[in-house]
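Novice: Take the sequence shown: its letters are residues 1 to 260, numbered as in the numbering used here.
Watch out, some of these pointers could steer you wrong.
The list that follows gives simulated cross-link-like pairs (lysine to aspartate or glutamate, EDC-like), each with its CA atoms no further than 16 Å apart [said to hold, decoys possible]:
hint, residue 1, residue 2
1, K131, E163
2, K222, E175
3, K131, E149
4, K222, E173
5, K222, E163
6, K222, E179
7, K131, D113
Distance windows between CB atoms, simulated [to be verified]:
hint, residue 1, residue 2, range
8, E149, T214, 50 to 58 Å
9, G144, T214, 50 to 58 Å
10, A26, G197, 50 to 58 Å
No lab work stands behind these hints, which were simulated from the structure alone. Even for Gly, the Cβ is constructed at its ideal location relative to N, Cα and C.
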Amino acid sequence: MGVPVARIRVLVVDDHRIFAESLAAALAAEPDVDVAAAGSGPAALRCLERAAAENRHYDVMLVDADLGVAAGARATAVPDRSGNVPVDGISLVAGVRSGRPSVRTVVLAERDDPARAALALQAGASGWVAKDCSLQRLLAVIRGVLRDETHLPAALLTGVLRELTTARRHRTESEQLVESLTPREREVLRCMVAGLGRKAVAERLFLSPHTVRTHMQNVLGKLGVHSTLAAVALARRAGVGPASPKESSGDVVERGGQLA
Numbered sequence: 001m002g003v004p005v006a007r008i009r010v011l012v013v014d015d016h017r018i019f020a021e022s023l024a025a026a027l028a029a030e031p032d033v034d035v036a037a038a039g040s041g042p043a044a045l046r047c048l049e050r051a052a053a054e055n056r057h058y059d060v061m062l063v064d065a066d067l068g069v070a071a072g073a074r075a076t077a078v079p080d081r082s083g084n085v086p087v088d089g090i091s092l093v094a095g096v097r098s099g100r101p102s103v104r105t106v107v108l109a110e111r112d113d114p115a116r117a118a119l120a121l122q123a124g125a126s127g128w129v130a131k132d133c134s135l136q137r138l139l140a141v142i143r144g145v146l147r148d149e150t151h152l153p154a155a156l157l158t159g160v161l162r163e164l165t166t167a168r169r170h171r172t173e174s175e176q177l178v179e180s181l182t183p184r185e186r187e188v189l190r191c192m193v194a195g196l197g198r199k200a201v202a203e204r205l206f207l208s209p210h211t212v213r214t215h216m217q218n219v220l221g222k223l224g225v226h227s228t229l230a231a232v233a234l235a236r237r238a239g240v241g242p243a244s245p246k247e248s249s250g251d252v253v254e255r256g257g258q259l260a
């Protein structure tokens, strides 16, 4: 009797149907690989949910870096499992990393892009691979990430490290600015990150609109920005998440956020 072969379950996510089906067929020819394909972020999430419900979990997800871009769509926020559906590849990686951390993700890209590769790693990807790489190379990456390895093309390594170093420096600077805020100003900032306007912030924190306006002006001044959008971007870099709908002024707590 032969020794049972451990199966690797792979999900290919690419909105170019011919590529997705061709890659899935090539991977399925391997004796230890089971593979399925999905044509969009929402379809991928449905596959993951269905597999979990049937107690059969995917091990690796291969994601097109430009998922959804051909249709002119790009997600603007990191998704979660409460109804915010990701569109582009990087956001899908972040959403799956948050909701299903056991699934390793590898981004498939048509071109070298250190900035986007760095974003993918920050989102939780374990690898960045060129779409025109050999099948043997892709299989080596798939098996490698299951051993907790991180895979990047050698030509991208210097650029990615530079991007990550820059991002870390910006995050540190942003964190220092956020720390200069008072607890109440941080509450207001988190409400701003949640997309609440002045009136909604006033109702949430039981303050007058005039007081909220003063707090918002103080927040902008201390952060050194001139608009709410800039303040929200800086807050995100510092890891400040949005205020939860269930939170009130008495139970607001700081939570780490994710890159958008």
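Novice: Each hint needs a verdict: does it hold in this structure or not?
Specialist: Quick rundown of the hints versus the structure:
1. K131 / E163: Since the Cα atoms of K131 and E163 sit roughly 22 Å apart, the hinted pair is violated (cutoff 16 Å).
2. K222 / E175: holds (12 Å)
3. K131 / E149: Violated, at about 19 Å.
4. K222 / E173: Holds. K222 to E173 sits at ~12 Å (cutoff 16 Å).
5. K222 / E163: violated (26 Å)
6. K222 / E179: holds (10 Å)
7. K131 / D113: holds (13 Å)
8. E149 / T214: 50 to 58 Å: Given range 50 to 58 Å: holds, Cβ gap about 51 Å.
9. G144 / T214: 50 to 58 Å: holds (54 Å)
10. A26 / G197: 50 to 58 Å: The hint (50 to 58 Å, Cβ to Cβ) holds, given that A26 and G197 are roughly 51 Å apart.
In terms of the numbered hints stated before, the structure departs from hints 1, 3 and 5, listed from lowest to highest.
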